[in-house]
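There are 4 protein chains.
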Amino acid sequence: MDYKKIIQEIHEEVMPFRGDGNVASYIPELEKIQPDQFGMYLKCLGGADYEIGASQTKFSIQSISKVFSTTMAYELLGEALWEFVGVEPSGDPFNSIMQLEYEDGKPRNPMINAGAFVISDILYSRLDNPKEDLLKFVRIIAGEEDIHPNAAVIASEKSTGYRNASLANFIKSFGRIENDINDLLDFYYFQCSIEMTCRQLAHAFQIFANHGKLPGDNVQFLTSSQIKRMNALMQTCGFYDESGDYTFKVGIPGKSGVGGGIAALFPQEYSVAVWSPRLNTKGNSVMGIKALELLTTKTGLSIF
Amino acid sequence: MDYKKIIQEIHEEVMPFRGDGNVASYIPELEKIQPDQFGMYLKCLGGADYEIGASQTKFSIQSISKVFSTTMAYELLGEALWEFVGVEPSGDPFNSIMQLEYEDGKPRNPMINAGAFVISDILYSRLDNPKEDLLKFVRIIAGEEDIHPNAAVIASEKSTGYRNASLANFIKSFGRIENDINDLLDFYYFQCSIEMTCRQLAHAFQIFANHGKLPGDNVQFLTSSQIKRMNALMQTCGFYDESGDYTFKVGIPGKSGVGGGIAALFPQEYSVAVWSPRLNTKGNSVMGIKALELLTTKTGLSIF
Amino acid sequence: MDYKKIIQEIHEEVMPFRGDGNVASYIPELEKIQPDQFGMYLKCLGGADYEIGASQTKFSIQSISKVFSTTMAYELLGEALWEFVGVEPSGDPFNSIMQLEYEDGKPRNPMINAGAFVISDILYSRLDNPKEDLLKFVRIIAGEEDIHPNAAVIASEKSTGYRNASLANFIKSFGRIENDINDLLDFYYFQCSIEMTCRQLAHAFQIFANHGKLPGDNVQFLTSSQIKRMNALMQTCGFYDESGDYTFKVGIPGKSGVGGGIAALFPQEYSVAVWSPRLNTKGNSVMGIKALELLTTKTGLSIF
Amino acid sequence: MDYKKIIQEIHEEVMPFRGDGNVASYIPELEKIQPDQFGMYLKCLGGADYEIGASQTKFSIQSISKVFSTTMAYELLGEALWEFVGVEPSGDPFNSIMQLEYEDGKPRNPMINAGAFVISDILYSRLDNPKEDLLKFVRIIAGEEDIHPNAAVIASEKSTGYRNASLANFIKSFGRIENDINDLLDFYYFQCSIEMTCRQLAHAFQIFANHGKLPGDNVQFLTSSQIKRMNALMQTCGFYDESGDYTFKVGIPGKSGVGGGIAALFPQEYSVAVWSPRLNTKGNSVMGIKALELLTTKTGLSIF
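Protein chains in written order, with the numbering used here: chain D, 1 to 304; chain S, 1001 to 1304; chain Y, 2001 to 2304; chain G, 3001 to 3304.
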């Protein structure tokens, strides 16, 4: 497979979409970013790396962090985790409150905000130093130390996060959150504000492509079976209300964030991260989705 | 892979669940079936067949027929099909009307009743003999002529199908159905009432496991790329409101029906059908789901 | 009280609103009406009559018929009627299906379509000649024989009534309708299509203003207490999703129809009917609502 | 009218219902109250007073305070108030978030919690000393100084008020609340916690029975027309999701609170307050509703 050529072709073919979509406007700090950037980093399990564009520029990982926090919580609780949060697609915009009212406050899955609050609550109660521990975990799987939260983004999210505060209080009213809402949201925004490059994300997502291990390393994250379940979860729930369409068109497990990043993987083959700030109406990166669609088409590799 | 042994072990291990769940009660005719039956048929693309239990007993395929009708409509319209119906999981019980109200009457996907009505409407308008043509297609891919609708089941479904009539009228109120509702429902119930065996279903689902061709045959159904998309669709939407959980635990594309059948496939490897009439609260066969979960665990084969 | 002068002033003051709003478009036959007409008829219990404009032009009473059918059903079943249908405002557009899903199919009140189907079902099962009996009742309280259904309107409503068919089937799926849906809708549209003049409606509504009797007559319709309850029901539920605003601004019991008519009453004082075809976004007559608001302001009479 | 005898009869006739219903459990402090108490105080505009039972025992007025805060906001903003909050019944449980999602965050009416937050926000922004000013207003119309908030109830409500915090944050996310949520809720709970007797409430509600004036006083609260509108509002929205049923059975304007109190009035005739802590499933006092139903039946006075 000539990944180098494929990556270059993708780069050319996504360019016409450069002005499409809009940067997330509800987090003021994110609006300041130059919107027409694009970066991509692909990491074969065999060791080869391919990158193009702004592949080493840092950006806010936002909801991609949900994969990391869920992995930690899954490691801590095992299958008991799924008593706290489900694994069904939500079929609703990512910040809706309605569905919870009919499901006794149990979030549909950990990839939507509601579920991430419950996951964050679990970590906050069980980790000695929630923020430090989570950051440490991310640095280990990303293979780099230079990964940090962005205080300005945290402040920005807090200043406009009334819907998140509403949602968290709503879940707490069902007795499904034990920590103080302000503490919880502070921890949640900390996670979202973490900045990473495509290179770092692709490195970290190797554990999902490689049954729980970084290539050349013996440390096992989750069990092989649990890693597959995480991939299944990303496949059905990783792209908000566009998860079905993403699976239909791209067809490999992944997770997007409103910072414009997407991390994905082909089991046993490669991990990949793309980034471009402009989002479609469902909150996913326009060029990012397009790039992954081209990737699976051009490689001819498909899990289906 | 010793499929023979695996199938036998599965048979033994699902037996303890024999009395769990209930036969679908809203279709009176289906309630008459002896509920504790179990059958399974697995067909490797290489040619080998493995079967156990009531694998050659006929049962009502019900919603599994949605895969056949969607395939036909996809063949007729190509990608334009997705302007009529979406590919997102519905996140709601399979016969709910609510979601349509907020989405202008466009069904979320063709695997729920709402979507199947729109698919049926497309076929009804474009096929010369809708019933005969659909039955003919099913017989061809199933490789057997002895496949028939069940008139008693059609009558039974019509006599209690007020929710379906409500749903179809609702969609028509948005201008998304062009045929007469009674004609349409008659055609829809015809499809659901078709009776097949596990052997026939496993044979038919080979086209999804084999990029659109029956092994040893040159006829191409859909394109290879469209077949993958059908598999993606089954993966995210094939099990009503339990699609996420099914993907999480079983992880291969499939479709269930309230008659107790499930047809599924592992791309490039095998197709499989299971049948057992007792359903869980989400409308899926208790022993059927369990059998497929054991199958993917025991084979160690996973798309993730 | 100089009602004559008041009626004349109202006529002048509503004229500037003559072009506001639109004639109901979902019933093709109603769209043919000249939209800028206005008529009003006020009947004091003491005997005096005041009229202006097109007060003796016939129009489709539409949902005003719900008051007549509910009165008949209340007469037949007494307080047991309220086990079939509630008395709470619906707080939703008049043809929504959603609320029923959460309330086991029991309509909120008999002034919305859902409730009217249940009322019609009761009458259809219990009356010897449902259509004739209802028409007879209306003629008696209206004091005139020249009151008829309009076959063209019935046909027109049926041809576009998919939402009503959906709603009726939905309620039947909860076991709350016993008759055939087509028969039921035929009877329902019969009621809606009845044509009356403001004069006839004002005459008929005297029974609600006068504790159940037409002035100078000894026949008692319902009990005095039940008449008050009917008035309470009209007050909270008579104007679809604008009932609160109507009560707030006009403040006397009444019922509107999408034909542009409104019949109302001041207990112990007068009954009144207004008609003007253009409707606001909530489905109520623009000039009709305005006229009644002016009436209660100018008379200074208020139940509050 | 022999009100004395009527009040005594009511007292006897509500006793059989003494054990029915439950004290509000979601506010821990309210659960401590002896649940089987009953008090009633009726004040004729002509000057006579009638009381029975625990008519001078203080209790938490809870949502009855919404009438007072709305009156103050109406006085401040005039008809412009209704751009901030509607006058339609909500048709949903009193603390639901769903409806707001579809109506751009504008609360249906000021008698539900959502509306009360917007009203409180208006007062908090415009009054020099919101708490003192509101308390002062209540004391003036109640004609007594001995009216105070209960700090333990405020603390109790805050400790379990996650749904209110959720609701307030949700409304703020639509830009419809300008103050800090904690400050706002503190002010809101202050209002709810005010303790009054039936005697004080009946005195205060005279302004609604008497076109805006306390008998024998010349101070005008709101205009006569606005007072009527407040009465209309109480009539359609004063009893949560039981407003229609209350209007149907009792038929005079009033407002209930989960402390078990109800204040009501017959225009131009009397004001009345009842109190009994046990609530029905809709959150209204069982004996209180029953007492008012008997009152309108026995007096024969009805606005309808």
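Hints listed in this document are in silico derivations from the structure and should not be mistaken for laboratory results. One thing to keep in mind: the hints can contain errors.
Stated by the list, open to error - Distance condition first, Cα-Cα at most 27 Å in a straight line; then the derived BS3-like pairs of lysine-lysine:
| # | chain 1 | residue 1 | chain 2 | residue 2 |
| --- | --- | --- | --- | --- |
| 1 | S | Lys1158 | Y | Lys2004 |
| 2 | Y | Lys2213 | G | Lys3249 |
| 3 | D | Lys282 | S | Lys1106 |
| 4 | D | Lys32 | D | Lys106 |
Hints versus structure:
no. : hint                   : verdict
1   : S/Lys1158 to Y/Lys2004 : 60 Å, violated
2   : Y/Lys2213 to G/Lys3249 : 21 Å, holds
3   : D/Lys282 to S/Lys1106  : 17 Å, holds
4   : D/Lys32 to D/Lys106    : 35 Å, violated
Hints 1, 4 from the earlier list are contradicted by this structure; the remaining hints agree with it.
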